[in-house]
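Fit chains U, L and F to the known structure of chain V by using the hints.
Protein chains: 4
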Amino acid sequence: MVITNGYKQNENERLIDIVNLTQLEAEAKQIIPAGGFGYITSGSEDEFTLQANRKAFQHRQIVPRSLSNIEKPQTDTNVFGIDLKTPIIMAPAAAQGLAHVKGEADTAKGVAKAGALMTESTYSSASIADVAAGGGGAPQFFQLYMSKNWDFNRSILDEAKKAGVKAIILTVDATVGGYREADIVNHFQFPIPMANLVKFSQGDGEGKGISEIYAAAAQKIGPKDVQRIIDYTDLPVIVKGIESPEDALYAIGAGAAGVYVSNHGGRQLNGGPASFDVLESVAKAVNHQVPVLFDSGVRRGSDVFKALALGADLVGIGRPAFFGLALGGADGVFSVFEHLNNELKIVMQLAGTKTVADIKHAKLLNIQY
Amino acid sequence: MVITNGYKQNENERLIDIVNLTQLEAEAKQIIPAGGFGYITSGSEDEFTLQANRKAFQHRQIVPRSLSNIEKPQTDTNVFGIDLKTPIIMAPAAAQGLAHVKGEADTAKGVAKAGALMTESTYSSASIADVAAGGGGAPQFFQLYMSKNWDFNRSILDEAKKAGVKAIILTVDATVGGYREADIVNHFQFPIPMANLVKFSQGDGEGKGISEIYAAAAQKIGPKDVQRIIDYTDLPVIVKGIESPEDALYAIGAGAAGVYVSNHGGRQLNGGPASFDVLESVAKAVNHQVPVLFDSGVRRGSDVFKALALGADLVGIGRPAFFGLALGGADGVFSVFEHLNNELKIVMQLAGTKTVADIKHAKLLNIQY
Amino acid sequence: MVITNGYKQNENERLIDIVNLTQLEAEAKQIIPAGGFGYITSGSEDEFTLQANRKAFQHRQIVPRSLSNIEKPQTDTNVFGIDLKTPIIMAPAAAQGLAHVKGEADTAKGVAKAGALMTESTYSSASIADVAAGGGGAPQFFQLYMSKNWDFNRSILDEAKKAGVKAIILTVDATVGGYREADIVNHFQFPIPMANLVKFSQGDGEGKGISEIYAAAAQKIGPKDVQRIIDYTDLPVIVKGIESPEDALYAIGAGAAGVYVSNHGGRQLNGGPASFDVLESVAKAVNHQVPVLFDSGVRRGSDVFKALALGADLVGIGRPAFFGLALGGADGVFSVFEHLNNELKIVMQLAGTKTVADIKHAKLLNIQY
Amino acid sequence: MVITNGYKQNENERLIDIVNLTQLEAEAKQIIPAGGFGYITSGSEDEFTLQANRKAFQHRQIVPRSLSNIEKPQTDTNVFGIDLKTPIIMAPAAAQGLAHVKGEADTAKGVAKAGALMTESTYSSASIADVAAGGGGAPQFFQLYMSKNWDFNRSILDEAKKAGVKAIILTVDATVGGYREADIVNHFQFPIPMANLVKFSQGDGEGKGISEIYAAAAQKIGPKDVQRIIDYTDLPVIVKGIESPEDALYAIGAGAAGVYVSNHGGRQLNGGPASFDVLESVAKAVNHQVPVLFDSGVRRGSDVFKALALGADLVGIGRPAFFGLALGGADGVFSVFEHLNNELKIVMQLAGTKTVADIKHAKLLNIQY
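Residue numbers (full-length UniProt numbering), protein chains in the order written: chain V, 1 to 369; chain U, 1 to 369; chain L, 1 to 369; chain F, 1 to 369.
The set of hints was computed from the structure by calculation and includes no laboratory data. Some clues are possibly wrong.
[What the hints assert, rightly or not] Stretch by stretch, here's where chain L covers chain F in the computed footprint (C-beta under 8 Å, at least three residues):
id	stretch
1	10 to 23
2	55 to 63
3	70 to 82
4	300 to 308
5	346 to 353
[Claimed, not checked] Away from chain L, derived, C-beta distances all over 12 Å, residues of chain F:
id	residue
6	163
7	211
8	255
Yeah, the Cβ is synthetic: ideal placement off N, Cα and C, and Gly gets one too.
Isolated chain V, as found in the complex (with noise of 0.2 Å):
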């Protein structure tokens, strides 16, 4: 273990057995300190979105098609003109350092033998550089928390371009910080500093209260942010934070190459529905327009084909991925993705579904339990 600040980040470099996601979290609870965990872990108000977003996978229910003569279902995909070895990606998810020492470096190490797709935070541990360097190769997304100020977001998004990112994903459902109990009776503030925040006058982060932090973002995000980060950067431009037909036809119109259904892990508005639930709504509208990016509670295989057949072309895993990071570094990443893949892939055999196209014709059942 390492001291920073005073917080112990581990160092963990295996590969890890996994029963399934949900235990793992219970074993990273033991080796991440208690207010990165409630950081990491916690949702907000009294966390009914949060719960909402796992209860919502049992509304819909897979149907098991024999006779269908296939065999070795294949997760391979492309979406952005990228090859995927697996539609489940890593979502952008903040401090990673909390999880492990070399924080997003590792995770992207660990996508990247998963063939995955890795997403970097604007306020990720690690710098961009960093990732790029150590990264292993995956291919990448990087986040966008949109600053009051320009000279910012044009500085980062310079530095994403020349780190090779493929696209800029632009969160907007965070224009003020969600209110996290946990993190205020944890009186939890970043321990481990934000490395692309460190040159410039907001500070790095570290020392810092999750409302102070977002206080340097942006509070007023239009379609207007969405076409000049267009403009700006020449990357397709995906808006994240999207839950419904009206804010998905908006950001298509405003220039969005993707859009990226998810409601920030149950951790911004609290009283509001599942992403899961939302998500059809969502695809239709979008219509095949651009791909439909999805997170937010995931956990299964199952789940992970229940969105894709719900109109998802990627599905993302966040805190999942800090459980992998903590207790075995990038192989411990490795490992979570490579474990959910596998339970995703027995359930498309189970489904008659050999590849992920065929996911998507897969018809669900909406039986209440």
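Just chains U, L and F now, with coordinates in the frame of chain V:
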């Protein structure tokens, strides 16, 4: 602490730290005597309706809206020609001396500091005059439990008018007391006199049980009573305890200046619906003819948002104010209002609604969890 | 206490304090021997239907009505030409000697004091004559478990008629005993003789298991049996155990003077619906041709109200009367009826219904909680 | 007890007292080694589908029917031209040596005594010949896990045919093993050889994990395989693991003589619906062209009734037979069938259905609890 008739009244005067209003209840339980705490928090019969009041907010979900290009949401509103800094109001609630030695005078002072609306109960511990004098200048409504004795009614309405209240809230859902088992189990009798009752033959409530208090109240209330009070006071009369479109229209027909949707916090008719679950149908029937007030079960900023979105113009809290009053007097009440309003502002920002008026156009989903 | 065949029979004779009928069960459990208590309270199989009987009342909600201009609600009613002070009746229930040494004689006395209707079971501990003699003059119905032996049927109907019963309730949902596991686990056999069986060859039930008792009952019951009993007794015959519109019409077609909706308190067919959940459809089919009686799961004044609102004319309680009988004999039974009727009156006032007839026009909501 | 490869095999041979099949599981847990018990009772992933299988029976309710004028209900039935004393059959279930040293031979003997239908798994502990020899003459079906090796398939079908089985059940929902976590946590490997595998190169299963066993099975199964087995055996072929109308029609199109609705007891695709919840739609699609078999979650006579009412012709049990086998060998299995059939008879009587054919016309309600 002051001991009044063997009952320990709190004297705290301080701002309080609040994580959320649910946890505040547990803190308040430590310092409010058991009989008073039971009276304040319990509902009738097996508390089905009390519990339904909380569950009901989960029946509807707020759609997070991004790209709305708003910031700094404002909670100011104007109802009945009164400027308020928040749509959250103090609901009529009797006997606040159970929580604090200064009772409603301190509540009114905290409410004033929050820029909210105070309503004072007929059965208040502090007199109308004392609340007006010590209440910090909050706009006030006076809530009337209509007596069988019209001398009493006229006298108390005179006092209220003299004190400058801006409207009368006539409670019509309590023509008999709900069957509240906690009070029976606790053999609860009011230890603190009810100031407004002192000069009447019916006594001041001290040492009486709830059923004795209600016995003096009119059991028979009809539209003519509404008209009589309007005629006598020449003030706007809001009818409180409306739970159906039928009664809303009936009240408006009788001249009501406002409709107050409430099931008395689950304290009266048990086996009825959650107040939140009937709000939309009542508001639709009212159709903006008069303002709609709402209470019963509100604990979260998201609850306030949802009630406004379904048609409420003002949203009341009752028990949480008792908890703040016990823990911090006027400043404690202020802390409660400020906390809840801050939660509301976060929800407003994340839902893309800059004003209270915007909230009224917000769409809610109804997914079952 | 009296020890009868090793079974301790209670002898209490006193008014009892009641908070609610649910808590009364816990009190009664302290003084009714385990075997008897298991027989009284248990249902069949895994008690799905028993539990559904309670849950079902939450499926419908009473709309509080204000401004209704009523007071002093009255529970008087007249059914089958009989004046009653309450629509709550004693449901047919066997073997009340398990709760009290005086059994049904005391029950009838308490029921009489409450101005309610007594029904006596074929399998009562006290004889028809003793109940009539000691029962305080309550109007009585006699419940018939039809025997395979028509000599027995004729004899017991003769006795009932001689005792002045005003109607026969023919139970048709128990042609075989439900599979009640508590009785099997307890190796329960009736310790108290069944007085009406004494003079018949089939024995008096003492020392017999439930299945042996039922073995003497007719397994095969059809409309001709209804007609035969009508013809023999020239009394109104009410068919009990109707749970479908089809059977209700079938019974009326066979000459039934009343339809009794009940699933035998969840003691017979498990896996069936709550009795309350089928009441409305049965009542609509009956369409006021004959009175509708109802029981199964009633514990609250609001339950009684809801059943009346959905079409019942009389609402029965069974187990709660056993608890009152055990704890207080005739006066205990009276306390139970009085308490429940008082709860009903509060609900009536708050729902704006002055009479039992008004309740029948009350609207219920069906919101899911 | 016999110790086989370190695994304790039970040897009990006795009739057993049964309160219900749920409690029987707890008893069996005391005497079946943990690894075997985990294998028998667990489901896949987080067991959502396993649990849904039980909950689903509560989705439909049996209407008690009185005045039906029936008695002595009969459970006799004839399916595939075979006379059976009960519609309850032994579902295909592998490795019964885990419960008892005599394995399927004893199961078949108990099933024969109950007048029911035996089905034997490819992966049975006892060989086809031994089961036929020791099985007491129960009519038997043989369940085939189709191997990648057609020499194996032909050989085992030859043996089955030689042993006189009356139909082949082709399992198609297990082209890969479900993700069963209990087996992983227990490091479970089959301690008991699988007799039918002994002479093939793939080995006899002993000391192998479940995934190794499934690896030898065909992952790719289509309608041509159904046809091939029909052609080879000239026996009726029933396709097992059908959960949708589409697959049912597909199977019948391929020549299937029966459709077996099952989700493999929740052991294969998790995240799918309860088997009971899809039964009705499958049966309607089949529309009496071929018999419909059903299993997954059956524990109660009322469950059997409900499945028959929704379209099943035969209803299978699996795990409860293991419990009976462990506790009492052939007589234990007989006790299980007899108990469940007795529960069914009580339900039949109370639902007014004299025959299995009558059940098929019984109406079920669908009220939500």
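Annotated coverage of the stretch 55 to 63 of chain F by chain L, confirmed only when three residues or more have a Cβ within 8 Å:
This one holds; 5 residues, not fewer than the three required, reach chain L with a Cβ under 8 Å.
Minimum Cβ distance from residue 211 of chain F to chain L greater than 12 Å, as the annotation requires
holds, 35 Å
Can you confirm whether chain L covers the stretch 346 to 353 of chain F, using C-beta to C-beta distances below 8 Å and requiring at least three such residues?
Held - the stretch 346 to 353 of chain F has 5 residues with a Cβ nearer than 8 Å to chain L, which meets the minimum of three.
Three or more residues of the stretch 10 to 23 of chain F near chain L by CB distance under 8 Å?
n = 3 at 8 Å, threshold three: holds.
Using C-beta distances, would you say chain L covers the stretch 300 to 308 of chain F, given that this needs three or more residues below 8 Å?
Satisfied; 6 residues make the cut.
Given as non-interface: residue 255 of chain F, partner chain L, CB spacing beyond 12 Å
holds, 36 Å
If you count the residues of the stretch 70 to 82 of chain F with a beta-carbon closer than 8 Å to a beta-carbon of chain L, do you get 3 or more?
holds (count 3)
Taking the shortest Cβ-to-Cβ distance between residue 163 of chain F and chain L, state whether it exceeds 12 Å.
Label holds. Min Cβ-Cβ 37 Å, cutoff 12 Å.
Violated hints for the displayed structure: none, as all numbered hints are satisfied.
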